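> Single-letter residue listing:
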Amino acid sequence: MEPLVRIERLTKHFPACAGAWGSSAAVHAIDDVTLEVRCGETLGLVGESGSGKTTLGRCALLLVEPTSGDVFFQERNLLQLKRGELRRMRRHMQMIFQDPFASLDPRMRVAEVLAEPFHIHERLSRSEIRARCRDLLRQVGLREDVLERYPHEFSGGQRQRIGIARALALRPRFVVADEPVSALDVSVGAQIVNLLQDLQQQYNLTCLFISHSLPVVRHMATRVAVMYLGKLAEAGPTEEVLRRPMHPYTVLLLASTPEISRSGRREFHTTPGELPSAVRPPSGCRFRTRCPLARPRCADQEPPLRQLAPGHSSACHFAEEVPSCPNPAMFPM
Amino acid sequence: MAPPLLEIRGLTVRFHTARGVLSAVRDVSLTIGKGEILGLVGESGCGKSVTALSILRLLPPEARIAAGQVLLSENGSGQDLAQLPEHELRTVRGARISMIFQEPMTALNPVMRVGDQIGEALLAHGLSNKREAKAAALDTMRQVAIPDAERRIRQYPHQLSGGLRERVMIAMALICRPSLMIADEPTTALDVTIQAQILALLAELRERFGLALLFISHDLGVVSQIADRVAVMYAGRIVEHGPARQIFAAPAHPYTGGLLRAALALGSEPRPRLATIEGPVPSLAELPPGCAFEPRCELRVPECSAAAPELIEVGPGHWARCIRAASRNS
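Residue numbers (the numbering used here), protein chains in the order written: chain A, 1 to 333; chain B, 1 to 330.
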């Protein structure tokens, strides 16, 4: 399967405030990340705050310009396109945002929100646009009467549906979904997850699904990449990575994810320590300050991402020692 | 038998808004025993936060406690916090019952050093002088596992990470040795690995100090890890309550069942589609006449819309507000 999107050695540094560490200080949001998203697949991108996952999602659509590295869409380097060409490309790559309250213009009626993509990229008559908007609403499970209303009149779940309708208006090939259900209640989030799955199948969408929640990613994605402090820690088929993780950080994530415990409370699996600074990340392996397997080599040498099983790679010098089965609830047998 | 530490009886809270009077909390009754952790779960708008704020009467001006009692019983004597004069209630807040909130950055004073904020609770309740308060603050910071406490004590909130700020907030709520801590979504804004640390800390504090905890959350997984008993709220009412293990293993109310099925878990088999609860959460202004959950309920029968159901005992200490609950429990 051809990769639809290829991210190569992507680096993004944001300038930090001048003064504290000198004006050359930067926040290392992403460092040298290489990923590909194959046609028709949903790649999950998992990490906590500071992992760089949201920045990566934005770089993939060139909403944010990388400091270095390349982004290929259908084998065309987006960074080498002229402005007009890039703009025309954008109809094929869209984003669904996390915050349903911030991602819709409060002064635009739903009809205008959904019509905007058509105004920018196509030449359709008003009645044609209207028809397409009605169609979109139906696909996301909203009634036609929402067209004349404003975003503030809707609940979080409904706004997210509007955001999804907007993203799909031009039938893009690639969608980046940035934490689409994190801000929603459980029952509403479940509806949106089902909707996204249906739409993905219906339109054969390629999707980069960003989330901090392993359970949601497990449901949506066939492959998953785990990020920590701007670097890729592990990547591979979802079930593989979750059942046989090969990076200590993935193990920690799995163990920390609260399981609905039916057999009484479990003990808490924790590792002391917090996320180190993104302005001065630890030398060598960035996870070493919290890692139970850390050794001197981890500080001296940055672990390369290496393949340990078919399609399954990990950036850990001691990946072979990473215990499997960290979350007892995963294995009912 | 000794009365429970906290008993809420028939609490009703109404908001007087421009669009009329809304009952955010309707006839809610709860108990929390000494050293017990009660999880209060529900989705947005169900009334769980309003219930919590009512205990210490921290409600906004447009809200009134329309009915009910909030009975705090310690050392044999009981008081109804809902009726207590303000100056007496102030001796309870922060000292006998304390509270921690969801957004540590909003709850902490940005222009005050964290050590001073932690010690402030002791000083406000006249429990020590400045020097002792500082020593106690340092002590409490160590008890909540804030590393490098001697240095951190002089720092400002913006210099700390989310997890550390949460620990500061817990320290503030702990320093007067309250019997009950109310935690309103304390880990929702935190990363999952930090959340695990905070939950472990709260469980440890319960063990060490016999601290009772009212743990409010929409996250069923988190609640199942820490709570002894659970109460589920929907549209301002308690719809189910009982031992945590029971509730999660065999929920009796269809809403609880729906929530559990919709919640994604790592341990379950991968499902092609998530079971969802159809329809939206009802607006408090437009509640149906009978059971509030009836329009979305798969088990509904004509009797459900006739009258609002009462709580029925479906197992030892396990109650559900559903006329079909008892028959389901086989």
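Keep in mind that the hints were calculated from the coordinates and are not lab data.
All values derive from a computational prediction rather than experimental measurement.
The C-beta atom is built at its ideal place from N, Cα and C for all residues, glycine as well.
There's no promise every hint is true.
Just the calculated beta-carbon pair ranges, DEER-fashion [claimed, not checked]: (1) Y150/A - T17/B: 19 to 25 Å; (2) P316/B - D105/A: 38 to 44 Å; (3) E103/B - K82/A: 41 to 47 Å.
Chain A side only, calculated, beta carbon under 10 Å to chain B, not exhaustive [said to hold, decoys possible]: (4) I120; (5) S127; (6) E128; (7) I129; (8) L214; (9) P215; (10) H219; (11) L275; (12) V279.
> Now look at each hint and say whether the structure bears it out.
Evaluated hints:
1. Y150/A - T17/B: 19 to 25 Å: Because 20 Å falls inside the window, the suggested range holds.
2. P316/B - D105/A: 38 to 44 Å: Because 54 Å falls outside the window, the suggested range is violated.
3. E103/B - K82/A: 41 to 47 Å: This hint holds: roughly 44 Å between Cβ atoms.
4. I120: 32 Å, violated
5. S127: 31 Å, violated
6. E128: The hint is violated - E128/A has no Cβ within 10 Å of chain B, the shortest such distance being about 31 Å.
7. I129: With Cβ-Cβ at 28 Å, over 10 Å, it is violated.
8. L214: 6 Å, holds
9. P215: 4 Å, holds
10. H219: 6 Å, holds
11. L275: 7 Å, holds
12. V279: 14 Å, violated
Hints 2, 4, 5, 6, 7, 12, counting from the list given before, are not met by this structure.
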